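A.B. asks: If you read the sequences in order, they're chains A and L.
The first sequence begins at 22 in our numbering and counts up one residue at a time.
The second sequence begins at 798 in our numbering and counts up one residue at a time.
The hints are simulated quantities; they were obtained by calculation from the structure and are not laboratory data.
Quick caveat: nothing in here was measured; it's all calculated off a predicted structure.
Please note that the accuracy of each hint is not assured.
[As the list claims (entries may be wrong)] DSS-like, lysine-lysine: derived pairs with alpha carbons at most 25 Å apart:
hint: 1; chain 1: L; residue 1: Lys853; chain 2: L; residue 2: Lys895
hint: 2; chain 1: L; residue 1: Lys895; chain 2: A; residue 2: Lys85
hint: 3; chain 1: A; residue 1: Lys76; chain 2: A; residue 2: Lys87
hint: 4; chain 1: A; residue 1: Lys87; chain 2: L; residue 2: Lys895
hint: 5; chain 1: A; residue 1: Lys35; chain 2: A; residue 2: Lys85
hint: 6; chain 1: A; residue 1: Lys41; chain 2: A; residue 2: Lys85
hint: 7; chain 1: L; residue 1: Lys849; chain 2: L; residue 2: Lys865
hint: 8; chain 1: A; residue 1: Lys87; chain 2: A; residue 2: Lys62
hint: 9; chain 1: L; residue 1: Lys865; chain 2: L; residue 2: Lys853
hint: 10; chain 1: A; residue 1: Lys76; chain 2: A; residue 2: Lys41
hint: 11; chain 1: A; residue 1: Lys62; chain 2: A; residue 2: Lys35
hint: 12; chain 1: L; residue 1: Lys895; chain 2: L; residue 2: Lys849
hint: 13; chain 1: A; residue 1: Lys62; chain 2: L; residue 2: Lys865
hint: 14; chain 1: A; residue 1: Lys41; chain 2: L; residue 2: Lys895
hint: 15; chain 1: L; residue 1: Lys895; chain 2: A; residue 2: Lys76
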Amino acid sequence: GAVVSQHPSRVICKSGTSVKIECRSLDFQATTMFWYRQFPKQSLMLMATSNEGSKATYEQGVEKDKFLINHASLTLSTLTVTSAHPEDSSFYICSARDESGRGGTEAFFGQGTRLTVV
Amino acid sequence: GDSVTQMEGPVTLSEEAFLTINCTYTATGYPSLFWYVQYPGEGLQLLLKATKADDKGSNKGFEATYRKETTSFHLEKGSVQVSDSAVYFCALRTNDYKLSFGAGTTVTVRA
Numbered sequence: 022g023a024v025v026s027q028h029p030s031r032v033i034c035k036s037g038t039s040v041k042i043e044c045r046s047l048d049f050q051a052t053t054m055f056w057y058r059q060f061p062k063q064s065l066m067l068m069a070t071s072n073e074g075s076k077a078t079y080e081q082g083v084e085k086d087k088f089l090i091n092h093a094s095l096t097l098s099t100l101t102v103t104s105a106h107p108e109d110s111s112f113y114i115c116s117a118r119d120e121s122g123r124g125g126t127e128a129f130f131g132q133g134t135r136l137t138v139v
Numbered sequence: 798g799d800s801v802t803q804m805e806g807p808v809t810l811s812e813e814a815f816l817t818i819n820c821t822y823t824a825t826g827y828p829s830l831f832w833y834v835q836y837p838g839e840g841l842q843l844l845l846k847a848t849k850a851d852d853k854g855s856n857k858g859f860e861a862t863y864r865k866e867t868t869s870f871h872l873e874k875g876s877v878q879v880s881d882s883a884v885y886f887c888a889l890r891t892n893d894y895k896l897s898f899g900a901g902t903t904v905t906v907r908a
């Protein structure tokens, strides 16, 4: 199946700093990518839909100024957690759909990023 | 709105035991249904799917049947192995390609 690569897999940062997470579709193009957040022992919650060449669409309750999303190319979306605080510590995971039709209608997930803010 | 209700865990089983994880859903329209698996320290992997009523998805010995009349998509495996220890998520997807996930069920299989 199609491959989605997410980087970094783990990051520890100091409170107040910003962290950028990359999500790449390695062998297909994706005009739309999705960013999820997973709290310990809980399910994944959709944060936002990343649209290539336009603004991201955020789910209700997600601060767009806090979680900046940039989808500058057909294979790369980035999530920047700005002015991170300990409560932002979580597992962030992206997904993308192979819109060429080869991958059917599946969403392929990255490996996830474990963010710890200290 | 769309939602998925999944059997709470954790579930602990012995090898070769029968596994069932219940999943029911609420959705407008006709969703596609999925089971994803998350092994320790990894991201999600698609386990199986069904796109219309009465479809049966199957993979790696796991099965689930899309039951429209009961709005269910229960996951079953007849004989689990230690390597099946993971978190299992039931999910649905409607036309906008957004996925709604259940809370996840942690399964531990003991040798």
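A.B. asks: Regarding the pair A:Lys62 and L:Lys865, is the alpha-carbon distance no greater than 25 Å?
C.D. replies: With Cα atoms ~29 Å apart, A:Lys62 and L:Lys865 exceed 25 Å; violated.
A.B. asks: For the pair supplied as a hint, L:Lys895 and A:Lys85, confirm whether the alpha-carbon distance does not exceed 25 Å.
C.D. replies: Satisfied, since the Cα-Cα distance of roughly 18 Å is no more than 25 Å.
A.B. asks: Between A:Lys41 and A:Lys85, is the straight-line Cα distance small enough, at 25 Å or below?
C.D. replies: 14 Å, holds
A.B. asks: Quickly compare the C-alpha distance for L:Lys865 and L:Lys853 to 25 Å and report which way the hint goes.
C.D. replies: OK: L:Lys865 and L:Lys853 at ~12 Å, within 25 Å.
A.B. asks: Taking only the CA atoms, is the gap from L:Lys849 to L:Lys865 under or equal to 25 Å?
C.D. replies: 8 Å, holds
A.B. asks: Between A:Lys62 and A:Lys35, is the straight-line Cα distance small enough, at 25 Å or below?
C.D. replies: Between A:Lys62 and A:Lys35 the Cα gap is close to 24 Å, so the pair holds against 25 Å.
A.B. asks: Quickly compare the C-alpha distance for A:Lys35 and A:Lys85 to 25 Å and report which way the hint goes.
C.D. replies: Given pair A:Lys35, A:Lys85 holds - Cα atoms ~21 Å apart, limit 25 Å.
A.B. asks: Hey, A:Lys87 versus L:Lys895, does the alpha-carbon distance stay inside 25 Å?
C.D. replies: 22 Å, holds
A.B. asks: Can you confirm whether the C-alpha distance between A:Lys76 and A:Lys87 stays at or below 25 Å?
C.D. replies: Since the Cα atoms of A:Lys76 and A:Lys87 sit roughly 15 Å apart, the hinted pair holds (cutoff 25 Å).
A.B. asks: When you check the alpha-carbon spacing of A:Lys41 and L:Lys895, does it fall within 25 Å?
C.D. replies: 23 Å, holds
A.B. asks: What's the verdict on L:Lys853 and L:Lys895, does the C-alpha distance respect the 25 Å limit or exceed it?
C.D. replies: 22 Å, holds
A.B. asks: Does A:Lys76 pair with A:Lys41 here, judged by a C-alpha cut-off of 25 Å?
C.D. replies: 17 Å, holds
Hint check: a violation occurs at hint 13 only; the rest are consistent with the structure.
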